[in-house]
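These protein sequences, in sequence, are chains B and G. By my numbering, the letter at position 203 of the first sequence is numbered 203, and the numbering carries on one by one without gaps. By my numbering, the letter at position 238 of the second sequence is numbered 1238, and the numbering carries on one by one without gaps.
Treat the hints loosely; a few may be bogus.
[As the list claims (entries may be wrong)] Partial chain B-side listing against chain G, Cβ under 7 Å, derived:
id : residue
1  : ALA19
2  : THR25
3  : LEU153
4  : PRO172
Think of the hints as simulated: they come from the structure by calculation, not from any bench. Backbone N, C-alpha and C fix where the C-beta goes; we use that ideal spot for every residue, glycine too.
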Amino acid sequence: MAVADISAVRRTKAAQDRAENRALTKLTIGPSPWARAGALAALVVLAGIWLVPLFWGAVTSFKHEAEAALPASLWPTMGWTLDAYQKVLSNSELPLWMWNSLVVAVLVTALTVLISAMAAFAFSQTLFKGRALMQWLTIASIMMPGQILIVPLFREMQVLGLVDTFAGIVLPQVVAPVMVFILKRFFDAIPQELLDAARIDGASSWRLFWTIVLPLSRSILVAVAIFVFIGAWNNFLWPFIITTDPQFMTLPVGLSTVKDAYGVQYAQNMASAMIAALPLLVVFMLFQRRIVQGVATTGMGGQ
Amino acid sequence: MTASNASVTAPLGRALPGRRASASRPGTHAETARKSMRERDRSGYLFVAPFALATGLFLVLPTLYGLWMSFTNQSLTGTGSEFIGFANYAEAFSDPQVWQTLWHTVWFTILSTVPLVVVALVMALLVHTGLPGQWVWRMSFFAPYLLTSAVVWHLSNWMFQPDIGLLDTWMTGLGLQPLGWLTDENVAMFSIAGVTVWWTVGFNFLLYLAALQGIPAQQYEAATIDGAGGWQRLFSITLPQLRTITGVIVVLQLLASLKVFDQIYLLTKGGPNGSTRPILEYIYDMGFTNYRLGYASAISYVFFALILVFTLVRLMPARKEA
């Protein structure tokens, strides 16, 4: 019964969406069928251009290596094969890199969200000496582009013995002052009566944080987490600098060393690229609405 | 916080029960009540400690350490850390490579920012018409943004492949000469900018889309009653409403483009003949290939100073608006 309910809700929701979209079309381009056809054609052309590289890469990954080295065609003539995938998955360290990336991205996301939320709570709901100064420093550090710190940061990691370790890859990525401010703005808007009531009842700040503030902020926390996860999963520069041992390489870094290993084996190159691209693309297809919203909300950063 | 920003966060804000914009405004009743309760709360230190520690260790410390390094002749092997004053900075300002790579960075920024804003706007306007296929359009435009730079490199390197790549195949199919997409000094930067637009335009597209969804429908309805046509509505309602967000997107894009490294390093290694090398790659080369940490730090700080000036200049009008 529950399943039937859910699908009924979904159908109503879809119908609602369709109605809203139709109304939007009327508002933006009006009733002219020609204008609609024109806009639709433009969309098809743009989407086509944007999909060609991915489509072509996918097709190439299913080609025989011999055909992949021939002038490009958007459709294989010698038949489809999984050879490239088989070779890549058995002969390369791709699965290991993928695992590393997952570990790194999950750790970065969890740590960033936790310490940013805690700091945001401190700025939003508590008073302590030096709070203004700390807040000012946090704002100032938003302006600091991490890229220019690669040289001293690498040296520091050398001294700390964190080169070629997960800690070395993860820790510098958890500093996200922008996220602190996004969260603080959200925490500021939590109804104060709620917090005051809990305080009067003797709840500690720690309890307040976990049982009131975090549950109420689920939507923004998810948004921040999505944004941080995409960034960490795809980050190239820092993991590239801090790892030399293939054992610790993340997917982007490992993948960047792949070309020389395979020579001109395009089908295999494309298969690796597809395998690397797949996880986030699948996640996006499943949770498009959430991700679109999350990126749009956090993407503005401290603006 | 500017008006456009409020509209961007609106969809999410609505979803949260009890989110009130007024609660954060100082001087209101809620703010006074909160202060009295907060005053007793001294646990802030503990909450801010982990973030402060991480920031101190991985942001403040390297910033200061890098500054100190820029006044020494330190190398990656750890040898030679004598204080040499402004020698590194003097060298940086007279190093033609610094100016050249800085120019490449600026040139890339110009080449990429314009289409990254314009194409994103066109995409968002088209999708915001509500035409069927919403899911497909969003997917197509945003999907490349989810790819890591190494995947983008594999795909585009394959597209740009001489003779057998897709682009050259199409060029010869059209009876044109194949282009040295990544090997011709006059073409390479355009190719890289093109790849970048394909890769990252989806992000700006989403920001525009969110802003468009924040425009109240009544405005369109009123205009329709007044007899305004589709184009008229676009130019008199939609585009003026997007002015603030466009400013924000342009600035965010400029800052992002100035920090270009991944796609250039992977696609051309700065070539052909150093013609695409951005300043971040020069810093990387100096530090990690030539082992001159002191000099690399000095160039980093010159670059940082430029970004900082840029950031501060743009902060000023924003403050006026607020």
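Q. Holds or violated: B:PRO172 as interface residue toward chain G, Cβ cutoff 7 Å?
A. holds, 4 Å
Q: So, B:ALA19 near chain G? Judge it on the closest CB pair being under 7 Å.
A: This interface hint is violated because 10 Å lies over the 7 Å limit.
Q) Hey, does the B:THR25 contact hint survive, CB to chain G under 7 Å? A) With Cβ-Cβ at 4 Å, under 7 Å, it holds.
Q | B:LEU153 as an interface hint toward chain G, with CB separation required under 7 Å | A | holds, 4 Å
Hint compliance for this structure: hint 1 alone is broken.
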